[in-house]
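Asks: Spelled out from the first residue to the last, the chains are:
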Amino acid sequence: MKSKAILALEDGRIFNGIPFGAQGERFGEIVFNTGLTGYQEVLSDPSYQGQIVTMTYPLIGNYGTNENDMESRALWLEGFVVREVCRQPSNWRSTKDIETFLKEYNVVGIEGVDTRALTRHIRESGAMRAAISTEDHDPDSLIEKVRSSPDLVGRDLVREVTCERPYTVNSTGGQKVVVLDYGVKTGIIEQLCHSRCSVTVVPAATSSDEILRLKPDGVLLSNGPGDPAAVTYAVDTIRALIALRTIPIFGICLGHQLIGLALGGETYKLKFGHHGGNHPVKNMTTGKIDITVQNHGFCVNSDSLEHEAIQVTHMNLNDGTLEGIEHTTLPLFSVQFHPEAGPGPHDGRYLFGRFVQLMKQYKNKG
Amino acid sequence: MPKRTDLKKILIIGSGPIVIGQACEFDYSGTQACKALREEGYEIVLLNSNPATIMTDPEMSDHTYIEPITADVVEKIVRRERPDAVLATIGGQTALNTAVEVAERGVFDSFGVEMIGADLAAIKRAEDRDQFKKAMAEIGLDVPRSGIARTMDEARAVVNDIGFPAVIRPSYTLGGTGGALVYNVEEFERLAARGLEQSMISEILIEESVLGWKEYELEVMRDRNDNVVIICSIENFDAMGVHTGDSITVAPAQTLSDREYQNLRNGSIAVIRKIGVETGGSNIQFAVHPETGRIVVIEMNPRVSRSSALASKATGFPIARIAAKLAIGYTLDEIPNDITKKTPASFEPTIDYCVVKIPRFAFEKFPGADDTLTISMKSVGETMAIGRTFKEALQKGLRGLEIGISGLEIKDGKIDPGQIETMLVRPTPERLFYIKAALRQGMSPERIAELTGIDPWFLRNIRDIVDLENKLQSYGGLTAIPSDLLLSAKRFGFSDAQIGGIIGMSEADVRSLRKKKAITPVYKLVDTCAGEFEAYTPYFYSTYENEDESRTGTARKIMIIGGGPNRIGQGIEFDYCCVHASLTLRELGYETIMVNSNPETVSTDYDISDKLYFEPLTLEDVLNIVEVEKPEGVIVQLGGQTPLNLALPLARNGVRILGTSPEAIDRAEDRKLFKELADAIGILQPQSDTALSLEEAEAAVARIGYPVLIRPSYVLGGRAMAVVWSDSELMKFLREAFLAAADHPILIDEFLEDAIEVDVDAVSDGIDVIIGGVMEHIEHAGIHSGDSAMVLPTYSLPARLVDLIKAKTRDIAIQLEVKGLLNIQYAVKDDKIYILEVNPRGSRTVPFVSKATGVPLAKIATKVMAGISLKEQGITEDPMPPYYAVKESVLPFARFPGVDTILGPEMKSTGEVMGVDRNMGLAFAKSQIAAGQHVPESGRVFISVKDTDKEDIIAPAKKLDEMGFEIFSTPGTARTLINHNVKVSCLPRLAEGRPNIIDYIKNGAVNLLINTPSGPIPRRDEVTIRSIAVAHGIPLVTTVPAAVAMINAIGALKNGCSDIRSLQELYTL
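If you read the protein sequences in the order shown, they are chains F and H.
In this note's numbering, each residue carries its 1-based index in the first sequence increased by 530.
In this note's numbering, each residue carries its 1-based index in the second sequence increased by 249.
Be a bit skeptical, because a hint or two may be false.
No more than 25 Å apart at the CA atoms, straight line, and that leaves these computed lysine-lysine pairs for DSS-like [claimed, not checked]:
| no. | chain 1 | residue 1 | chain 2 | residue 2 |
| --- | --- | --- | --- | --- |
| 1 | H | K523 | F | K818 |
| 2 | F | K633 | F | K745 |
| 3 | F | K706 | F | K893 |
| 4 | F | K534 | H | K720 |
| 5 | H | K591 | F | K801 |
| 6 | H | K383 | H | K523 |
| 7 | H | K921 | H | K765 |
| 8 | H | K1199 | H | K1232 |
| 9 | F | K890 | F | K706 |
| 10 | H | K765 | H | K879 |
| 11 | F | K799 | F | K675 |
| 12 | F | K706 | F | K895 |
| 13 | H | K1057 | H | K1081 |
| 14 | F | K534 | F | K633 |
| 15 | H | K383 | F | K818 |
| 16 | H | K252 | F | K818 |
| 17 | H | K766 | H | K806 |
| 18 | H | K1232 | H | K1207 |
| 19 | F | K745 | F | K890 |
| 20 | F | K818 | H | K258 |
| 21 | H | K590 | F | K801 |
| 22 | H | K879 | H | K764 |
| 23 | H | K258 | H | K325 |
Hints in this document: simulated from the structure, not taken from any laboratory.
Next comes chain H alone, as it looks inside the complex (with noise of 0.2 Å):
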């Protein structure tokens, strides 16, 4: 069938911020969709609140809005843009759910707007599970036994058929939040609770529980001649019971014979007609019981997802390109495999390596967080690796996990060997190191396969591993391993880093000798059909075998590294500014090559560079690459801190590094180095020290006296950095920071208190420098710059100090010879200005910065990189937009209960999203609605500040008073307002009486808490609060200057409803 012509508009929901359960992949694929139906002739209208994304390029659709994703904006879309169909499937879980909302208030049947892909009916009979399981015995699958509730007594009644352990899932909520298994009755009503709370419509379902089963997902997807085929199988190492995400996962199955395999496809075939998605991808659970093989269909999800991102990097097949192709009615026949050309989307994708995706955790950041993998999901980013067999895959996937291992390799004290079996039971990110550690002791794979769950191939593999590493201990030093055992090293994925380290020898006298003995790499193609075709699309991984099919050619080449797996302060905004790059230089005629190892990233795709290498990010892999296609350059200061920390290696292995040297990148992280810039160019810095031990340190925190801000250097987001105020904190924050900077010093700098922070990005050609914008930070120095609210351009300083900042941040460019991309932190505190950071580098606020304003700084940066100095690029004015843009950060300690949710210098957000207005109280309510906080315009307001913020929280309690909200206090808060005539009613500490403020939360009864910590070590009653207040969802402050703005915000609210508009109108004004 041809595509549709009814169809002009389409409107397409994008998945706002980063957060856990749902991050670059809804990026990748929704810049897919994008270009796909661009390409067709469609007009787009696109929805995203994230401004770090892809597809929120205006070039990417005809009307781009950054504005929340709520269905009171979509509304408002619809009546503007008129389309004539929504594309709800590609924004995952928030798409999804937000249509739904706008489709029940009858907005797009008013209106004419056709969802397409999966319709409302569709996507209820998958998401609601009553109406799931009717269909699922409908069509006689199995599911697990279960009851709905909606009470708790009705939760009650379903347990007492079902038993222990049970699980609890509450229904419409993204990534599984708020899903617990229970083992008792105790924790049952707990988290009964806690699900009904957390689900959107009040809704749990309570099932028997499959723990230990096998795990299985596949691909479907379906067209509008009922065309159904299955694109990928992925078969979950942990056994069921670690939500997928958390769990390490492997393409193709592996354990299930032809029959096996083919009754889950049978089933995914049967459970998309079933549900009813008309066009388009989904992602399809199963469980399979390991003795018996019984079948339970455990969850479809109607629209593309994290998986289907994953299944899109293991087969070459783009999933969601084909399903957006499939909406407007093309069939599976009708369009191209892109990869052979000459062979239809009309197949099913076979591969012929492994694929291993292995998730990357986050809880050092949030101490106190439980790290037991469950069925909600915990980690915040994921790396791929591809080898031909699974042990290369595991190990190749482990090293490019980048937390300090070189394989499967045990950290230095992070196994308890007392500890072994209660950590082979109890899932953990440290329980794959637990199970080497078991099988060194002698233990059986079948053992740990009773304790774990996880299917004895696996481990047995894994054992295999643990036997090569043996053999090769058992040699002295390298010459003497034979030749044979080591390519058997290298074929099961073990690095010349590890193998130094087994040996003990360093990791270039492996790389030497291993080149001698002549082995080394080839690259296999990435090519949906295992070789049956030629393949046309250059996607590359390693490995040990005979034939190489790069395809190095003559061409200009530069290469970019990207970002490797996301984490808590290196994420979609490097993503961002590589792809960027990569577009450019091919602009400019170069080749390009993208090295990464994220499979969720738009850089991964196999259309946005000429060569994609899907490698792990370590000096061995990339330098192998390097030495095969012999790039011009390669370009190490778009990818956050992983490129970055290659750059000196690689160039002393002889690697030209574009833009930036780095001995100047050197300079700006070396304090010492530093210090004389900024004496040289006449800048004040707050007064610092660098230490390499206890005693230095301390010795350092007496010059400065307190309170004094501690850090690792050379880490990035803050790890392990903390504000101290005084002798009794230092030892434990110490410890701590020399414990995250590894071998590099720790930095120790005097804390400037309540100055306001300011962040700076430029580019420098060496000659010129444009700066693309000064952000005034909400909260003071001492946030983290990637957990703080930043407005552009600043709202409150004077022109004077921000010419300064222009005119320093110029210097130091010049002086530094930054080519390409530069960040600098300011301070300033009674009207003078401190420098705290310079990054010469891509930094975080890039893409923030370039949507806000419409000039592409990472294009600009990468030109200049190229040699087009920023003249030649007619770039010469700073940049001014006449309306204010806020960028707000999203934090996930909903996903950690109990874990205090304040803000420090160690920074603890996953995304961001951004608020445009024509004032800054709009911009600013505008972002924190789209960050997911609730702005009310009227109720009860509880307020409860630390000693030092009391008179600070004065003014803004009046105008609070003003507005007419009722005020509640704690004693002492109360008694300063009170004595200040506002309004407040006083409620008791936690301990001394109720009804509490938790009374308050748990009854919906306060709609905005005002509450700031008392120190770095807060005291319980606060976190307690805090906790809760998030866990309810109830909007939450936790410092002055964004309670100001806050209020500030409500009042704009009031006063006048914001409007929308594109970014295409936007940078018309």
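Excised from the complex, chain F in its bound form (with noise of 0.2 Å):
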């Protein structure tokens, strides 16, 4: 008899599979993702903090995992549902195949899955809770577990991914660039090491002054997962920087969120979210597309931030919905995708630079 495992989704719907990584029992939101490649990068995003990730790409593992593709310290999620997991992987970089990664970070897998009807589920119904379990193949008695287990809404889950102390990376660099950490991708830092910034990665609680000690020519708000309004200190930290007016600020994703509400916008929560690496994002600037990689279940809502300072820069061709702001008058901008990849297009990157040339603008103005 095979092992078994069961996935089952707060509306009673049941997928049945196979166990693959770690053995147990995991509740989260269950979200797709559309990315061909790049499934170490989904796994080890903390952004995927309190989810159940299904890729709809059905074939994965093929490449194996390595070091260097890691784009946090850990993996975040709590399951994983694939249609078929490849354990002997080929690739030249590659060092463990996923089924050994899952399992030393303790994360649950299910394969043998139709994420496709899966994926179509949550199109229509939206992102819901839902959980893996190699243990209780009972679907009722799961259901009930799942419909107990808390929300994502209103949840922090900000705190549980932030680093604990401060850290400093490329010291030498030339611009000063303090990171408050959501829940940042690696990504993130190295395209600021890239763009020669000297980079100090700060827990999302430390407040504004001692942000400030650190004489930042920027501070860049970094992604992380859940709900916005959720972050209330760091949405205070936010407000008492843009005060400044000195600072040059660049939000990303949750950071970009966290801007809206400390500007005064609200946020809500998407259907089923954007989690792929080819979305169309318009520069309102320059008329130009980029394909975009985005990762995020909410969304400021553009209404909510009528003000003459604020200018829209970035949409989304597909939805519509809010893809980048900026201040007419102060040094601050953000976008809603993930400018620094990984995994996905590079379009964005760009954004990397602008900020650099905003911190040299203000530099020499101070």
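Each of the two chains sits in its own frame; use the hints to bring them together as a complex.
Replies: Dropping the structure here:
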């Protein structure tokens, strides 16, 4: 008898499969990611804290995993749902197969699932609570447990993923950037270093005073998991930083949403979010289109930001959602997508250059 | 940016005849481009010499020129039509090369014609090896070390620098013709010289071999606003060294991590910008070192390609259609994604399945051809399969290949167990089966990877298939097999027939048990977005999963079964018919369901039919769809032999076959039944017999007497068909025929020597019959009708005989109760008419007849099948054009060096062209030029014919002499000509002295060869001469009637210039 795993959804839908990775029972919000490549980056992205992820591409694990493609120090998501797992990878950089990798980081996986059916279900019914269990094979019991598991909305997941103490990378770099770590991806830090910045990563709850003491040329508000409205302390800090009017601020993903809130806007939850590397975003200034990497379940309501000093700089062409803003008088801009990529296209990387320019400009002013 | 309003009239150049390396995919892209531009209100002028295309249908453009695709013709069209722009990036290498030539003549400049898509400078940067290499260096991309050579001395200097193995690539050829890998100096000398000859500009690139590296292709699109997107990535199963057209390919890329893939993506974007393709699609090929990850750019095609057609079918993103819209100024964000409707085309498709393309080869048609797969393409067609896993898609693809296997099966006797390692090292069409054999013997995937260069990921997947087969084998009977194992097998793509073969049961029994266990396929959508958005276009594939997405509905539905992968004998002509059927039925209000597995075709464009099922054309797969969709009827008479072979099995399973009944089809195929019919109608047949054994066959031959025509029944394209003249050759040909016939009998006919062959295409509704056309072959009976040139209307037959042929055709149609299309082949000898063959189905000549006459036979036949009589359609008169149309065949001999180039009863051509003009000579001349055969108006002619042809060649030779040609002959032919007062110089036989004809050919000092074969097993001298002539592109004629036609054409050209006319003008004459 083959071992068995069950994926149960809040609305009672059940998917049977075979366990892979760690054994156990995990709860989280189920979402799908449409990337054809980059499962290791997805697995190690802290923004997936509290979620169970299914990859729409059915063949996962083909090229294994390696140390260099980690987007953070660990795996954060609750569970991983796949159609077919490859246990004998083939790639010159691979050091470990995905099954071993999941086991090491204690992530529960399920394979053999009709992931397209699951994706379509999420598309129609929205992202919802779910569980993967390799232990409880009684669907009714598992569904009950899912229904009593905590919801993602209103929960502060940032504190679960942020670093414990500050650290500095590339200390000899030119511009000094403080990164507020709401769950920062390595790719963001890499891109800052690549732009010759010195980077100090600080915990999410670091106060504006503590940040100022580091004398930054700019502050980057990172990506991170969950509901921005639950991270009230971050909003306060950002408001204080904005009020200084002198420090360039760049927000990415959750960082962008927090800026939205700090500017008096509202955020709302999307039906099933954007998780993938093929989202067309129009740059409203140049009219050009970038193929962007996205990973968010919440979004800033652009109507709530009707302030004449706030300009919409980027729009999502698939659904018209807000993708980027800038302030006309303050050194402040942010994007909903991931300009650092990893995984996905590099089209948005020019924004790091823009951030550096802004820092230089304000440094000269000061 | 909105579309351009400064352009009104656009010239589109097509790709011409189907040849190896350039097939239906350019009809697919051309048709999309015509539609995309017309719906924007542009006036379209189209040039394509291939009548079997949908794009040359008169309603597809405003001015359709079926004329040779040459710079001269383009120039004439430009002068006549005065287009504002030319789009040359959707017609393959032919269109691109022709446009370059016209542009360089200054014609586009002087008439103010803009090259849209890619301009001359961009095309040259991409196509010229030296410029390309420089451009890549400027953007920091690696290319293999290389050097350009224009002479052998330069070539030697380059190769000294690079070392062996090295690759030789001629500049400006299509499909990598002449490309070769050389391991030593001797090979280098021979192949470098050949490459220099084949290049349009006598230039070759010699480069570092990247043999064994991983090969990838990316399909890129760019718009006027410099937005660039990647539509699809493709990974080759075979490593570098095998042409991508000959390799199994897989989409998306499987073994690259995101970082590595993004490097290729960034590289592709940099390439398209640097080369400067302003708008449209391009294909960029990379090689990646399997251990270091070093990336080199191999090449870039600044146009849509075979791979872009594949990428379109694999993702649902219509590259050619979008490329056409971008060319007239739209940007990607202004064009909607047709499939999701709500999202724009400015995105990158993502897929949630695996796509496998498998090439189909035809080496059995070319005895003596080297079947090693190299960087010069040799395959003639391809099939594509979609599955949720690579294993499923691979096995679906293998059964979709229609080569007598139902999955990853090894045919009896196909594997030499002593040769496994050798056959793993040498890439051939059989290598996949040797991989299976090696795995069965316990060889590890890692060892196989070492020998083949194939990535272990693919090999381990194949090992999984083999392991599952072993598990199945361990169960004695079907009932004992656990349900979950059977389900696993189906999820690994095993067909019912394959499972039956493994456990010793019939396909039907496996099917019924499987259904009892409720293991049935579901249908999932190809939607460009992996399910993220709702899709409106019903483009389906089958798989074994939980959720079914089919949308059966209640409309009146008709299913059309397509032709599967292209092969010699079954190609674009049948796809054309299927497309016409679908379009017609939609007009009549039916919902149409297309089933096909060929990614090159127009029929598998998702907007041709209401629903598209991209599936293998096997009984199992088709029945599964029928059971879900429950169509009113199925059309099997238009897709060639593939659907026809399914007719009876489908009917036995209760499926209603529309049109002519399967029994009537069988009656025409069955010799004995047909003989009774012929006798009843009172028409002569060559004496004939059937045989199931060698003994029976010998007895039949003795009864009939030589010469005889031998062929297997139930095959298309004259496979293993031969004319046999004596006992000494009989056994060889009989054995081949029995091998090809499988379990069916072989047919033995009296061969009518020097008879005129006639083809008739007709439509019948059971009461009335319309004769679409009576075509007279140029070559005599004995040359396969698919290879013969044909003339419509007939040019030498007396009207009385033509009328009789028409009358007999009507009788047969009524007797056979034909409802739909009918093709009959007759032979005329000594004023007597013989019937050779009756095919109650769409034939290869239907598109030619329809284009030549303007009467769309397939559409009329489809209406008949839908129950609308000819009278009700108002079709009452046989068309008769007031001009001549000549269909000429195009042969692939240049791809198979050393193979004899003669024509015979076995079909060898890959495609066709049409020449139309006011007289027969000019029409024939055009057909020759369109087929790539230069028609010389002066110079030297070499004549060497077999003894029985010597009398007949005297008059033509005299005419050549009178027209001022200098004639050379071998001693025998020369003697005859001299005796009849023809001026002729005698050349020695090859072994007897120099200079001989080979020297003349190599020096380019001869302009036409007339050389008829001495018999079915020709002398070595002749084979050498013909093969070298083809390799050097010297016009070659191998039959006396063709020589006569050629000489008349030369005369016609000398007497008066031919002019060009659009179809729309011709039809009003």
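Asks: K383 (chain H) and K523 (chain H) were given as a pair; does the straight-line alpha-carbon distance stay at or below 25 Å?
Replies: holds (11 Å)
Asks: Taken at face value, is the distance from the CA of K879 (chain H) to the CA of K765 (chain H) at most 25 Å?
Replies: Measuring from Cα to Cα gives roughly 20 Å; hence the hint holds.
Asks: Given the hint that K879 (chain H) pairs with K764 (chain H), test it: the Cα-Cα distance must not exceed 25 Å.
Replies: The hint holds at about 17 Å.
Asks: Next pair to validate is K890 (chain F) with K706 (chain F); report whether the Cα-Cα distance is within 25 Å.
Replies: holds (10 Å)
Asks: Quickly compare the C-alpha distance for K745 (chain F) and K890 (chain F) to 25 Å and report which way the hint goes.
Replies: holds (14 Å)
Asks: Regarding the pair K1199 (chain H) and K1232 (chain H), is the alpha-carbon distance no greater than 25 Å?
Replies: Roughly 15 Å between the alpha carbons, so the hint for K1199 (chain H) and K1232 (chain H) holds.
Asks: Just to be careful, I want the Cα atoms of K1232 (chain H) and K1207 (chain H) compared with a cutoff of 25 Å; is the pair within it?
Replies: Roughly 8 Å between the alpha carbons, so the hint for K1232 (chain H) and K1207 (chain H) holds.
Asks: Are the Cα positions of K591 (chain H) and K801 (chain F) separated by 25 Å at most?
Replies: Given that 25 Å is the threshold and the Cα spacing comes to 16 Å, the pair holds.
Asks: Against the 25 Å threshold, does the CA-CA distance of K633 (chain F) and K745 (chain F) hold or violate the hint?
Replies: violated (42 Å)
Asks: Holds or violated: K799 (chain F) with K675 (chain F), Cα cutoff 25 Å?
Replies: holds (23 Å)
Asks: Within a Cα-Cα threshold of 25 Å, do K590 (chain H) and K801 (chain F) meet the stated pairing?
Replies: holds (19 Å)
Asks: K921 (chain H) and K765 (chain H): Cα distance at most 25 Å?
Replies: violated (41 Å)
The structure fails hints 2, 7, 15, 17 and 20 (numbered hints given earlier, in ascending order).
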